[in-house]
Amino acid sequence: MVGLSHALYDGNHDVIQLTESDFNNKVLKSDEMWIVEFFAPWCGHCQKLVPEYMKLANALKVGAVDMTQHQSVGAQYNIQGFPTIKIFGANKKVPLDYQGQFSYTSTCGTEPFKNHRNKVIEGPRTAQAMADSLINELRKTVNAKLGISSSSKSRGANDEKSSGKYVIELTDNNFEE
1 MVGLSHALYD GNHDVIQLTE SDFNNKVLKS DEMWIVEFFA PWCGHCQKLV
51 PEYMKLANAL KVGAVDMTQH QSVGAQYNIQ GFPTIKIFGA NKKVPLDYQG
101 QFSYTSTCGT EPFKNHRNKV IEGPRTAQAM ADSLINELRK TVNAKLGISS
151 SSKSRGANDE KSSGKYVIEL TDNNFEE
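Going by the UniProt record's numbering, the sequence shown opens with residue 1, and the numbers climb by one from there.
Hints listed in this document are in silico derivations from the structure and should not be mistaken for laboratory results.
Only true hints are included.
Here are the simulated EDC-like pairs of lysine to aspartate or glutamate, each with C-alpha atoms no more than 16 Å apart in a straight line:
| # | residue 1 | residue 2 |
| --- | --- | --- |
| 1 | 61 | 32 |
| 2 | 55 | 14 |
| 3 | 92 | 31 |
| 4 | 61 | 132 |
| 5 | 145 | 31 |
| 6 | 145 | 32 |
| 7 | 26 | 14 |
| 8 | 61 | 31 |
| 9 | 93 | 31 |
| 10 | 55 | 132 |
| 11 | 140 | 32 |
| 12 | 55 | 10 |
| 13 | 140 | 31 |
| 14 | 61 | 14 |
| 15 | 92 | 32 |
| 16 | 93 | 32 |
| 17 | 61 | 22 |
| 18 | 92 | 22 |
Ranges of calculated distance between the beta carbons of each label pair, as one might list FRET restraints:
| # | residue 1 | residue 2 | range |
| --- | --- | --- | --- |
| 19 | 172 | 141 | 33 to 39 Å |
| 20 | 51 | 25 | 25 to 31 Å |
| 21 | 173 | 76 | 54 to 60 Å |
| 22 | 51 | 143 | 29 to 35 Å |
Cβ atoms here follow ideal geometry from the backbone N, Cα and C, with glycine treated the same way.
Required output: the full structure, derived from the provided sequences and hints.
So this is what it looks like as structure tokens:
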């Protein structure tokens with residue numbers, strides 16, 4: 001089985017292989033947001049996801065857990081089907097479920113997402129859609145830390161209501177090339 005795992009995400013790509021020994025330190029104890037795929041190397045859907053997931057890994061921090069080798073990592077998240085994609089954002093104890101859609105209807109494993117307790121994000125299983133979901137989660141986290149409610153509108157530099165107290169005017173004299 002180890003050979004099959006490396007066939008999905010070999011060492012030449014930016015997808016970080018996660019195991020029991022490093023999942024907590026790399027994902028749960030870090031300040032970074034992660035997208036993690038829980039997969040089985042034999043799963044056709046997992047194999048179909050590989051090109052998009054590797055594309056996503058070029059832009060963001062993503063990890064993958066081979067559930068045939070590291071079941072205990074996924075057990076705490078009630079992984080029931082493959083691939084299962086979770087976004088570990090601000091609240092790492094309750095990751096978000098990314099429930100993407102393929103162009104066909106069967107799934108590997110048993111009824112995925114049947115008894116989940118987490119928020120579900122729906123969208124296609126493309127690098128762009130998964131990146132957009134992570135960016136939206138990052139925006140919510142930053143706004144919460146800044147005390148900005150989700151209903152508040154962000155103000156741009158040209159907004160009449162901007163106070164200007166955080167604007168620095170750059171000139172030839174104070175801008176170093």
